[in-house]
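Enquirer: Read top to bottom, the protein sequences are chains A and B.
Residue 98 is where the first sequence starts when you use this note's numbering, and the numbers rise one by one after that.
Residue 345 is where the second sequence starts when you use this note's numbering, and the numbers rise one by one after that.
Mixed in with the good hints there might be a few duds.
[As the list claims (entries may be wrong)] Restricting the straight-line Cα-Cα distance to at most 16 Å, the calculated cross-link-like pairs of lysine to aspartate or glutamate (EDC-like) are: (1) Lys558/B - Glu230/A; (2) Lys361/B - Glu632/B; (3) Lys150/A - Glu565/B; (4) Lys810/B - Glu244/A; (5) Lys543/B - Asp233/A; (6) Lys142/A - Glu564/B; (7) Lys543/B - Glu230/A; (8) Lys544/B - Glu230/A; (9) Lys558/B - Glu244/A; (10) Lys150/A - Glu564/B; (11) Lys709/B - Asp633/B; (12) Lys372/B - Glu632/B; (13) Lys142/A - Glu565/B; (14) Lys372/B - Asp633/B; (15) Lys558/B - Glu129/A; (16) Lys810/B - Asp116/A; (17) Lys361/B - Glu797/B; (18) Lys558/B - Glu130/A; (19) Lys142/A - Glu130/A; (20) Lys260/A - Glu124/A; (21) Lys271/A - Glu129/A; (22) Lys449/B - Glu564/B; (23) Lys102/A - Glu244/A.
Please keep in mind that the hints were generated in silico from the structure rather than gathered at the bench.
These numbers were taken from a predicted model, which means no experiment stands behind them.
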Amino acid sequence: MESSKVIHAFYNDDEVLMDAVKAVKAEHHHIEEVFCPFPVHGLDKAMGLAPTKLAITAFFYGITGLSVAIWMTNYMMIQDWPQDIGGKPSFSWLENMPAFVPIMFELTVFFAAHLMVITFYMRSRIWPFKNAENPDPRTTDDHFLMEIPVNNNEEELTVLLSKTGAVEINVVDKH
Amino acid sequence: MSHYEAPIREPLVLGDKSYHDITEDIAKPIEGKANKNWYVAFYISLAAMLWGFGCIFYTVGTGIGVWGLSKNIGWAWDITNFVWWVGIGHAGTLISAVLLLFRQKWRMAINRSAEAMTIFAVFQAGLFPIIHMGRPWNGYWVLPIPNQFGSLWVNFNSPLLWDVFAISTYLSVSLVFWWTGLLPDFAMIRDRAVKPFQKKIYALLSFGWSGRAKDWQRFEEVSLVLAGLATPLVLSVHTIVSMDFATSINPGWHSTIFPPYFVAGAIFSGFAMVQTLLGIMRKVTNLEDYITRIHIEYMNIVIILTGGIVAVAYATEFFIAWYTGSPYENYTYLSVGAATGPYAWAFYSLLFFNILTPQLLWFKKIRRSFIWTFIISIFINIGMWFERFDIIAIVLSKGHLPSTWWRFEPTFVDVGIFIGTIGFFFVLFLLYARTFPVIAQAEVKTILKSSGEFYKNRRDQGIPTKPVIKVAAAEGESDKLDKE
Chain A
98 MESSKVIHAF
108 YNDDEVLMDA
118 VKAVKAEHHH
128 IEEVFCPFPV
138 HGLDKAMGLA
148 PTKLAITAFF
158 YGITGLSVAI
168 WMTNYMMIQD
178 WPQDIGGKPS
188 FSWLENMPAF
198 VPIMFELTVF
208 FAAHLMVITF
218 YMRSRIWPFK
228 NAENPDPRTT
238 DDHFLMEIPV
248 NNNEEELTVL
258 LSKTGAVEIN
268 VVDKH
Chain B
345 MSHYEAPIRE
355 PLVLGDKSYH
365 DITEDIAKPI
375 EGKANKNWYV
385 AFYISLAAML
395 WGFGCIFYTV
405 GTGIGVWGLS
415 KNIGWAWDIT
425 NFVWWVGIGH
435 AGTLISAVLL
445 LFRQKWRMAI
455 NRSAEAMTIF
465 AVFQAGLFPI
475 IHMGRPWNGY
485 WVLPIPNQFG
495 SLWVNFNSPL
505 LWDVFAISTY
515 LSVSLVFWWT
525 GLLPDFAMIR
535 DRAVKPFQKK
545 IYALLSFGWS
555 GRAKDWQRFE
565 EVSLVLAGLA
575 TPLVLSVHTI
585 VSMDFATSIN
595 PGWHSTIFPP
605 YFVAGAIFSG
615 FAMVQTLLGI
625 MRKVTNLEDY
635 ITRIHIEYMN
645 IVIILTGGIV
655 AVAYATEFFI
665 AWYTGSPYEN
675 YTYLSVGAAT
685 GPYAWAFYSL
695 LFFNILTPQL
705 LWFKKIRRSF
715 IWTFIISIFI
725 NIGMWFERFD
735 IIAIVLSKGH
745 LPSTWWRFEP
755 TFVDVGIFIG
765 TIGFFFVLFL
775 LYARTFPVIA
785 QAEVKTILKS
795 SGEFYKNRRD
805 QGIPTKPVIK
815 VAAAEGESDK
825 LDKE
């Protein structure tokens, strides 16, 4: 079992933070987490985070929506209760398809957008009544917090982090 | 340099701001007390809203006969108002989605309020078809469910049903897009809240947003994909609204240019409403450093462009009506119509408000003037209302047979419901302006170094945006490190 001690290093500038993350990675330390008040471009790459696959899920959700629309229009307009509307009878789905394009488009977008956002909320664990997990309230204002697990190398890490321009360094016990 | 931006671009954030200053400025209207003007505006809007609700209850209780409709003019003010409000609801998602895809940094200061406006406007729009049903408690019949006598389903060939799908998709996707963007900003308010109740509310609204690097990575990806989805969605919504008319066989309505022309008109009126609202909001919330002259100018340029498209579309319609040689078309456009009939005043108002006045924006002085922008934006709002009124009421008032001719006169109920929706809209917007972070502060912080006045000036002097590292945390080490 690893030690539950972690170091919290605070930074107050995004460019300084980026350099710090690179410096810490260069020394082969594991960065547990970085809390940011706003997105810092390139931070995920510097930390070595895998790219997100949410866009791919959105594509498949969109395909699902499109299929639902095709199934629904076919079942309701062609199979279950075909109607002759304006002298344009419902013999086959394909012949009636042009009239269903708006529905197909809207349901594609509806499914892709909502299911992707729900996936995002579930994966990032954000939903109503969820308690926030940022360790310091300043991380939503103007401070960046880098969390590094300590394995009997507290001194070494503290020196390294202060060199990178951390404005505050705390060693805390993580429950 | 990661935060480079061409020096020729005007700064988007004025003054000597730090990240913390942005937090302070945006939290201030929420944490402070409302002033007297806010209360005056709120109570006027509330009164208008209640009056409108009274008219709605009267309509529903008595019947649609209390409106100025007849068997020939089956919809007039209600559908005019519906199209007007949906059109207004187009700027928000356009600003947040299309401008995101084009990487326009100026959208950051205005997207939050524009999207709020979109959502509130679509609420108002949605009211009209529901009231027009006469029996709104049966409104769920528009959903794809079988009827109570068997399995007769909704008609997917009908543009009215396309509208149901388009508008509910648009409203719900815009709402989710808006709310996802709000999470980090609600979290910011939550983390600085002092009052326990306020903290609880914002903790709930922020969904426990913590701002991990992974969350931000996903947040950016989701924003981008949502923008990609919302862009065709925005265009589809007003396209489908225009098909309510264009797929009919009425002269004056069955026009193939309606979709692009309606979309351009919607963006035109939507941006005008954004100008109206932001012109007031930047003053009352002291956000003049964020919503600057250049933001107003950029929006005015969009207004000139879309207004130009609308003007060309009007001209095309008249030309085609003449060119077809169809007597009905000819009659609708060139004889009664518009210019000489009993509604000539509405037609000329349209030309004045929608075509003539926006041309003033070609002048840079006017385009960059807050007061002129405000006046012109109000004019466009009026003009776009007349556009819809002209399309709907004038066309219906002179059918194919003279026996169907009827002149539409609104009753006090028609007027009351319209005023009521304006009141409802402003009630929502005023409440929003007091309780929500009205600027996407997290996103503005990302452009502070590239587009903030302070950093731009520093860069011109050759000072890098990255601060010099001062080591204070480790004692004894600082002297050595400073020299590096």
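Enquirer: Regarding the pair Lys361/B and Glu632/B, is the alpha-carbon distance no greater than 16 Å?
Expert: holds, 13 Å
Enquirer: CA of Lys810/B to CA of Asp116/A, is that 16 Å or under?
Expert: Holds, because 10 Å separates the two Cα atoms, which is no more than 16 Å.
Enquirer: Are the Cα atoms of Lys709/B and Asp633/B separated by 16 Å or less?
Expert: Given that 16 Å is the threshold and the Cα spacing comes to 20 Å, the pair is violated.
Enquirer: Straight-line Cα separation of Lys558/B and Glu244/A no greater than 16 Å?
Expert: Satisfied, since the Cα-Cα distance of roughly 14 Å is no more than 16 Å.
Enquirer: Quick one, are Lys810/B and Glu244/A close enough, alpha carbons at most 16 Å?
Expert: violated, 22 Å
Enquirer: Just to be careful, I want the Cα atoms of Lys558/B and Glu129/A compared with a cutoff of 16 Å; is the pair within it?
Expert: holds, 11 Å
Enquirer: Given the hint that Lys361/B pairs with Glu797/B, test it: the Cα-Cα distance must not exceed 16 Å.
Expert: Cα-Cα ~8 Å, so holds.
Enquirer: Verify the proposed pairing of Lys142/A with Glu565/B, using a straight-line Cα cut of 16 Å.
Expert: holds, 14 Å
Enquirer: Tell me if the straight-line CA distance from Lys150/A to Glu565/B falls inside 16 Å.
Expert: holds, 9 Å
Enquirer: Does the structure keep Lys544/B and Glu230/A at a Cα separation of 16 Å or less?
Expert: holds, 15 Å
Enquirer: Check whether the Cα positions of Lys543/B and Asp233/A lie no farther apart than 16 Å.
Expert: Status holds; Cα separation ~15 Å.
Enquirer: Holds or violated: are the alpha carbons of Lys260/A and Glu124/A at most 16 Å from each other?
Expert: holds, 13 Å
The earlier numbered hints that this structure contradicts are 4, 11.
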